[in-house]
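Those protein sequences? They're chains A and B, same order as listed. Its first residue numbered 1, the first sequence is counted upward by one per residue in this note's numbering. Its first residue numbered 1, the second sequence is counted upward by one per residue in this note's numbering.
Hints are computed from structural coordinates only; laboratory data are not their basis. For every residue, glycine included, the Cβ atom is placed at its ideal position computed from N, Cα and C. Treat the hints with caution; some may be incorrect.
Only pairs whose alpha carbons sit at most 35 Å apart, straight line, appear in this in silico DSBU-like list of lysine-lysine [stated by the list, open to error]:
#1 K133/A - K10/A
#2 K133/A - K19/B
#3 K65/B - K169/A
#4 K19/B - K181/A
#5 K10/A - K140/A
#6 K65/B - K19/B
#7 K10/A - K65/B
#8 K10/A - K228/A
#9 K169/A - K19/B
#10 K10/A - K223/A
#11 K140/A - K228/A
#12 K65/B - K223/A
#13 K223/A - K133/A
#14 K99/A - K19/B
#15 K169/A - K181/A
#16 K133/A - K65/B
#17 K169/A - K133/A
#18 K228/A - K133/A
#19 K228/A - K19/B
#20 K19/B - K140/A
#21 K140/A - K223/A
Chain A residues, not near chain B, derived (Cβ > 10 Å throughout) [claimed, not checked]:
#22 T30
#23 G59
#24 T66
#25 A202
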Amino acid sequence: MVLFDILVRKDTPLHRVDPRVKIISAILLTFFAFVSSNLLVLVALVIILQVMIFSTSVGWRTYSSTIWLVARLAILFVLLWPFFDQAGEPILLDLPIYKVTLPALLDSLVVAFRILLIASGWLLLMFTTPHSKLVRGMVKLGLPYDIGLSITIALRYIPNFIGTISQIKDAQLSRGFDMDKGGPFRRARNYIPVLIPTVAIALRTAEELSSVLVCRGYGGSVKRTYLKEIHLRGVDTLAVASVIVLFSLAIVSRIIWGLPI
Amino acid sequence: MRKQRQGISMSERNPMTPKAVAIYGVMIALVATMTLVLVPIPATRGYFNLGEAMIFFAAFVFGRKVAGVAGAVGAGIIDLIFAPHFLPATIVIKFLEGYVAGTIAIGMRQVSNVWAVRTVACSLAGMIMIAGYFAYEVFVLPLGLSDTGGLGPALVELPFNIFQVLLGGLIAILLAEGIELSYPRIQDFRV
Numbered sequence: 001m002v003l004f005d006i007l008v009r010k011d012t013p014l015h016r017v018d019p020r021v022k023i024i025s026a027i028l029l030t031f032f033a034f035v036s037s038n039l040l041v042l043v044a045l046v047i048i049l050q051v052m053i054f055s056t057s058v059g060w061r062t063y064s065s066t067i068w069l070v071a072r073l074a075i076l077f078v079l080l081w082p083f084f085d086q087a088g089e090p091i092l093l094d095l096p097i098y099k100v101t102l103p104a105l106l107d108s109l110v111v112a113f114r115i116l117l118i119a120s121g122w123l124l125l126m127f128t129t130p131h132s133k134l135v136r137g138m139v140k141l142g143l144p145y146d147i148g149l150s151i152t153i154a155l156r157y158i159p160n161f162i163g164t165i166s167q168i169k170d171a172q173l174s175r176g177f178d179m180d181k182g183g184p185f186r187r188a189r190n191y192i193p194v195l196i197p198t199v200a201i202a203l204r205t206a207e208e209l210s211s212v213l214v215c216r217g218y219g220g221s222v223k224r225t226y227l228k229e230i231h232l233r234g235v236d237t238l239a240v241a242s243v244i245v246l247f248s249l250a251i252v253s254r255i256i257w258g259l260p261i
Numbered sequence: 001m002r003k004q005r006q007g008i009s010m011s012e013r014n015p016m017t018p019k020a021v022a023i024y025g026v027m028i029a030l031v032a033t034m035t036l037v038l039v040p041i042p043a044t045r046g047y048f049n050l051g052e053a054m055i056f057f058a059a060f061v062f063g064r065k066v067a068g069v070a071g072a073v074g075a076g077i078i079d080l081i082f083a084p085h086f087l088p089a090t091i092v093i094k095f096l097e098g099y100v101a102g103t104i105a106i107g108m109r110q111v112s113n114v115w116a117v118r119t120v121a122c123s124l125a126g127m128i129m130i131a132g133y134f135a136y137e138v139f140v141l142p143l144g145l146s147d148t149g150g151l152g153p154a155l156v157e158l159p160f161n162i163f164q165v166l167l168g169g170l171i172a173i174l175l176a177e178g179i180e181l182s183y184p185r186i187q188d189f190r191v
């Protein structure tokens, strides 16, 4: 079974923050990461975010396995950068086609920390926000309600479909079907006998779901009410205001005034 | 009269049918699930997957809107957990991929040779995906830095993406044919 849900089931201050605040912050942080090319700022922000992630008392195993997938690409950027960028003066390492210079090294580190920063922001969101609240937050921020409902349905069925696939794979294996033979194209075709039943089951699920939605009066009422409302507390308003002001100031000062942030 | 209209939001003035909501939900879940089906080849993105196959399948069977939304949201959900640094690229690229594949596949439905139409749809949409991720790693991630240093990781990942499109297209064409034979009711599902 694949690790799909990385929510940390605790109740820390960051868990109690309104999902809308977290979504807006993550989007602004992503935008800022692309705009900024100051290594010190990026490193500082990455460190602050790691402290915030650990304040959610996330387990070391979850943290290390998710961050490793991100760090792999960051390390790759630093390692492969000198093959294509050898500009600049102070040469640190001089091999035939692999010449590391200080400006190029700093550039590659900027990209690496940019990747880590974007990933940390979104991971913090995923560590502290249950799926239901995430979708509610997105709907409140303007996502059409129907799409929000579809996403909720999808999130509920992903674990089911993962189970269905492994079940059908086992069923075909028990009939003597050998999946791990042949070259890549042969192997791709080997997935067809597993995928056809899976998709057929999924389509039957969709048929049932549409009847269920009709039975529960989907689309009936004009004004929609919700069982679980989310509310902006005073702290949340303060947080979202300060995040917006801080990041817009930083982005504006970088793009318009050209400050090295 | 005026007051009543204010209470109606965008989505409720033009509501999706229950069938459409169910199809969107299930296709998003299928794309996300197939993105998790790992074919073990060590790529920089960690997993080589069947997500492409599912997006193409959605494009062939349900058209461009379902394919675009299912691609963007389904792959986006997985990227949120396994590769958040690709999230902005994934949402844009996978939406375009599904939208283009669906436009070609449904728009050229009159052509009798279904295989040819679907192959064209897969290759054009696949090219968008390959070029999109390549550009993201070469131009967008090193934004503001003057040089071409991002070429290395992009070149490392390129063959895996090409492979993923080729295998995904093959699987999608075979799968769509199989499903249309074994589940004929799918004709009533088009949203």
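Hints and how they fare:
With a C-alpha separation of about 15 Å, the suggested pairing of K133/A with K10/A holds against the 35 Å cut-off. Pair hint K133/A plus K19/B holds up; C-alpha atoms about 24 Å apart against a cutoff of 35 Å. Only pairs whose Cα atoms come within 35 Å are accepted, and K65/B paired with K169/A is accepted, the gap being roughly 30 Å. At roughly 40 Å between alpha-carbon atoms, K19/B and K181/A are farther apart than 35 Å, so this suggested pair is violated.
Only pairs whose Cα atoms come within 35 Å are accepted, and K10/A paired with K140/A is accepted, the gap being roughly 24 Å. With a C-alpha separation of about 14 Å, the suggested pairing of K65/B with K19/B holds against the 35 Å cut-off. A C-alpha spacing of about 38 Å is found between K10/A and K65/B, which places the hinted pair above 35 Å, so the restraint is violated. For the given pair, K10/A sits about 19 Å from K228/A by alpha-carbon distance, which is consistent with the 35 Å threshold.
Taken as a hint, the K169/A and K19/B pair is honoured in the structure, with Cα atoms around 29 Å apart against an allowance of 35 Å. For the proposed pair K10/A and K223/A, the alpha carbon gap of about 34 Å is at most 35 Å, so the pair holds. For the hint pairing K140/A with K228/A, the CA-to-CA distance comes to about 13 Å; that is within 35 Å, so the pair holds. At most 35 Å may separate the alpha-carbon atoms for a hinted pair to count; K65/B and K223/A meet this at roughly 26 Å.
Between K223/A and K133/A, the direct Cα distance comes to roughly 20 Å. Compliance with the 35 Å bound is thereby established for this hinted pair. In summary, the hint linking K99/A to K19/B is not supported, as the alpha carbons are separated by about 59 Å, beyond the 35 Å threshold. For the given pair, K169/A sits about 15 Å from K181/A by alpha-carbon distance, which is consistent with the 35 Å threshold. Taking the CA atoms of K133/A and K65/B, the gap is about 26 Å. The hint holds against a cut of 35 Å.
Distance check on the hinted pair: K169/A and K133/A sit about 34 Å apart at the alpha-carbon level, within 35 Å; holds. Between the alpha carbons of K228/A and K133/A the distance comes to roughly 9 Å, so the proposed pair stays at or under 35 Å and holds. Only pairs whose Cα atoms come within 35 Å are accepted, and K228/A paired with K19/B is accepted, the gap being roughly 25 Å. A threshold of 35 Å between alpha carbons decides the hint, and for K19/B with K140/A the separation of about 24 Å falls inside it, so the pair holds.
Taking the CA atoms of K140/A and K223/A, the gap is about 14 Å. The hint holds against a cut of 35 Å. In this structure T30/A is not separated from chain B by more than 10 Å, as the shortest Cβ-Cβ distance comes to only about 6 Å. In this structure G59/A is separated from chain B by more than 10 Å, as the shortest Cβ-Cβ distance comes to about 15 Å. With 10 Å as the threshold on Cβ separation, the claim that T66/A sits away from chain B is violated: the shortest Cβ distance comes to roughly 7 Å.
Residue-level check failed: A202/A sits 5 Å from the nearest beta carbon of chain B, not beyond 10 Å.
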